Each structure stands twice: as C-alpha cells, then as structure tokens.
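Chains as they are written, first to last, in the working numbering: chain A, 17 to 155; chain B, 17 to 155; chain C, 17 to 155.
Simulated from the structure, these hints should not be mistaken for lab results.
Some hints could be false.
Same chains, same label: a pair holds when it works inside one copy or across any pair of copies.
Claimed, not checked - DSS-like, lysine-lysine: derived pairs with alpha carbons at most 27 angstroms apart: (1) 51 to 85; (2) 46 to 18; (3) 27 to 80; (4) 27 to 77.
Being a predicted model, the structure only gives us computed values, none of them experimental.
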Amino acid sequence: MKILTRDLTLKTSGAGDLINITDELRGILKESKLKEGAMTVFAVGSTFAVTSFEYEPGLIKDMKELYEKLVPSNRSYGHDDTWGDANGFSHLRAALQGPSLTLPFRSSQLLTGVWQQVVAAEFDNRPRTRQIIVQLMGE
Amino acid sequence: MKILTRDLTLKTSGAGDLINITDELRGILKESKLKEGAMTVFAVGSTFAVTSFEYEPGLIKDMKELYEKLVPSNRSYGHDDTWGDANGFSHLRAALQGPSLTLPFRSSQLLTGVWQQVVAAEFDNRPRTRQIIVQLMGE
Amino acid sequence: MKILTRDLTLKTSGAGDLINITDELRGILKESKLKEGAMTVFAVGSTFAVTSFEYEPGLIKDMKELYEKLVPSNRSYGHDDTWGDANGFSHLRAALQGPSLTLPFRSSQLLTGVWQQVVAAEFDNRPRTRQIIVQLMGE
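Please take these sequences and the hints and turn them into a complete structure.
What follows is the structure, given as structure tokens:
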C-alpha cells in the first residue's frame, strides 16, 4: 500500500465557472503507476467544491441555473454583513455541494462512468487561483 | 492493509427508484473478513447516486417529493436539447446528491446508525442495470 | 500504513445546531502521529450530518435559513405519519447534506482551507448526544 498526495492548481474565471478535471485526474493516476485503490479529490477553500456530471454545454448551463435557483446570488446574506464581500451565496453553494469525492480505481483505471466527468465548481464571485488535493491510496 | 474492489449489480425500476443496499454492503464486508477500515460506495453513471436515510415508506415518499421540488421533472432542461433524451432532471439530481459515500467499519461492523440505511438512487427516467463499486481498504 | 478509528462524542442543543469540530479533528490527527493520509469523518445517525463552511455568525445564520428554505420544518412529512415524531424534515436535510467527508492530510496537517471549518449539523428536533467516527488511514 502506498500513499501519494498531489496538488492540482487551477485558474478559474469567476462565479459559476465549472471546470472538467477528469483528464488531469487520469494523468495523476497514470503517473502514480498504482493499479487498485481510491483517489480522494478535495477542493481547498470555502467557496469551491467538486462534483461529477456529464460535462456538455446544455448541462453546464443547467447546473448554473440550479445553483442560482437553490441559492440566489441577487440578494444579500448574513455572511455579507460580516465581511462586506458579497459572496455569501458562494459559501452556501459550496457547503451544499461539498468539498470531497472519493473515486475507486482498478486495473489502473478510474471506475467512473463514461459520461461521469469530475468537475471543479468555482462558486466565488471573482477569478481565483485554486488548489485541489488529489490523494491516491492503493497498490 | 488490504484492498478489495467488488462490483454490485442492481436492476432498477426507473425514475425515482430508491433501493436499500445495506444488506449487500454488510455481506461484502463479512465475506472480506476485514475487521477495521473504510468502505467506499461509488455509484457508476451520471444519473445515479448513493445516499443514506431511514428506509421506510413515509420517508421514501418524502425523498422523492424533495427531489421533485428541488429539481422538477416536468420542465425541459438545456441537457435535453443536447441529446433529446429528456432526462436533464436526472443528471441534475445525481450531481446534487453525489456519487460516493465513505463508511468506516470496526470489529467487522459498518459503523452506520441503526436507522441509517445506505440507499442507491436511480434518477434516470427508465429502468437501468446499474453498477455500484464497493471498495474496502483495511485489515 | 496504519488505521486508527476514534469516536468523537458531542452534545447538541437541538434543531439546527451547527458545531465546529475542526479543533477536535486536528487534535485526533496530532495524537495519531500520522503524517500523510486521509481522515474520514462520519456522522452516525439519520438526522445528523457533516459539512464544511466558514464558521462565523453570519454564515451560521445563512446555513440555517438555507436548510429551512430547501426543506421547511413547518409542514408535515410522510415520515411523520410513520412514527409520529414530527422530524421528517430532519431526515431529509441529513440525506441531502450527507453523512461523510474525506479530508486529506500531509506533513501532519489537515489540507483544508484557512476558512474551511468542518461542522457537525444537528438536524433533529431535540438535543441529542451524538457520535462522530473519525478514521485515519496513513503513515
């Protein structure tokens, strides 16, 4: 059993940016030479999250509309009063979606579905440089 | 430390089907003879998810109503335009609920609560044959 | 590789109580003397969950309002008819938020963001004594 902890750095374009990181995850797995185990994908930061969905333009638009419906950006939140930074909605969306996914792999392949891409979700209201921790445990 | 990766295959009855897989997970744990570690449960596919709740008829009905309220099925989504398959709502529900759970075990027992069943959620709009990856890591 | 499974016991003050457990998790990591690996945090019980957000009064209020909006407490649910215990909303919120998080660590530090606290969410409608399983796997 081995553990490898890698950093994936992303530049995002601001509120609502959804970035497909599946290829980067596959690259990290390949480079590790591990065959069987689990990959933890962890979004660092309280206005950032990871999820998985079929990464195509129609659904990307749908996901943005869903977040807007569940947690509207056009109102103020208690958090905005605390810091005056107007990104209360960003924090709420990140907490709801969650920061971590665990993905099993076997025969050196991620066991995700064909249409099941792993996606980093920038919820903050401005472009950010982001860090995702990718940790592999296996053999 | 050992890793075991098992496939659990399910036949679902279509949109909204919620299937209690707790007994199957306990069976896989028992068969593994592992005593302490973590079980990752991963739903393969972008219109499928896993969650946990008390599996009783009232709450099963409530969960279906909650998904319908948060992501209505009686409207069209951008995703539907892409493929013409009318299951945009299925993808959105799966992304919101998430594909993976990690369950600790000790003394050969899953450390879930008495009323905390693990449930596979079919969100697609037709019956499917589904695969759940159950991966154990422990000793 | 080592596995350590610890129990964290909390007393909650009832519906909506959000408790910052980050210091307790850091203490368990420190005591373990493990340097690199993953920490699974699992909320035992079907009306209890874990999430992560910036733990400050404005956002704590916002989170409570978000749960109330998504799953209102002032109506009855199918689950309430089953048991007569009126906490259907508690179960639904817990299922939506999810019971588990996986947090990577390296150089003996949790790799969470500076403002990304780990929070236990009491969704039940009365004070409870709660158990959180904290499992470390690493070296």
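- [ ] Using 27 angstroms as the alpha carbon limit, work out where residue 46 and residue 18 are close: within a copy, between copies, both or neither.
- [x] both (14 angstroms within a copy, 21 angstroms between copies)
Task: Status of residue 77 relative to residue 27 across identical chains (alpha carbons, at most 27 angstroms) - done: within (20 angstroms within a copy, 31 angstroms between copies)
Open item on the list: Treating 27 angstroms as the Cα threshold, decide for residue 27 and residue 80: within, between, both or neither.
Closed with: within (19 angstroms within a copy, 31 angstroms between copies)
TODO: Could you place residue 51 and residue 85 in one of the four classes (within, between, both, neither) given a Cα distance threshold of 27 angstroms?
DONE: neither (41 angstroms within a copy, 42 angstroms between copies)
Comparing the model with each earlier hint shows a violation of hint 1 alone; every other hint is respected.
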